[in-house]
Amino acid sequence: MANNYNVFISHSWSYVEDLKKLRTALNERGYFNVEFMEHSPNEPINSENSTYVKQRLKRAILNSNIVLGIAGMYASHSEWIEWELETAKLNAIPIVGVIPKGQIRVSQVVSSRSIVDVDFITERIVEAIRKYAK
Numbered sequence: 027m028a029n030n031y032n033v034f035i036s037h038s039w040s041y042v043e044d045l046k047k048l049r050t051a052l053n054e055r056g057y058f059n060v061e062f063m064e065h066s067p068n069e070p071i072n073s074e075n076s077t078y079v080k081q082r083l084k085r086a087i088l089n090s091n092i093v094l095g096i097a098g099m100y101a102s103h104s105e106w107i108e109w110e111l112e113t114a115k116l117n118a119i120p121i122v123g124v125i126p127k128g129q130i131r132v133s134q135v136v137s138s139r140s141i142v143d144v145d146f147i148t149e150r151i152v153e154a155i156r157k158y159a160k
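Here this note's numbering runs 26 ahead of the position in the sequence shown, where the first position is 1.
Calculated directly from the structure, the hints in this document are not laboratory data. The reader is advised that the hints may include incorrect statements.
[What the hints assert, rightly or not] Only pairs whose alpha carbons sit at most 30 Å apart, straight line, appear in this in silico DSBU-like list of lysine-lysine: (1) Lys46 to Lys84; (2) Lys160 to Lys80; (3) Lys115 to Lys84.
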């Protein structure tokens, strides 16, 4: 029987296609059960109050077995991604960087906090989740 993994994906709203592709790839992987803990455009936190948003995000991060940080260069310019990854790190939630297809440079915001960075290849991502998830 396959394990169930609670996964938080740290992503940029400006590059939501990377999030959608990653969710789809993991959902379509046989013998791999995943529940996503982050909020997507389909499940927004309807508030402009950053304290409230951080509380909701922190709860989701703490309920995760692992955090996947999409390591596109845009992550280097996002205070939210940095905050999410730092929150995971401070709470001993393992972080795996996922390098988007075609990306040559990787965000230091992600790679400096991740255990490992993997290419956007479903099997490599699944292998990293299985190996590092708490």
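Would you check the hint for Lys160 and Lys80, treating anything up to 30 Å between C-alpha atoms as holding?
holds (22 Å)
Checking one constraint from the list: CA of Lys115 to CA of Lys84, max 30 Å. Satisfied?
Between Lys115 and Lys84 the Cα gap is close to 12 Å, so the pair holds against 30 Å.
Pairwise hint evaluation, Lys84 against Lys46, where the allowed Cα distance is 30 Å at most:
It holds: about 21 Å lies between the C-alpha atoms, which stays within 30 Å.
When each numbered hint is compared with the structure, no violation occurs for any of them.
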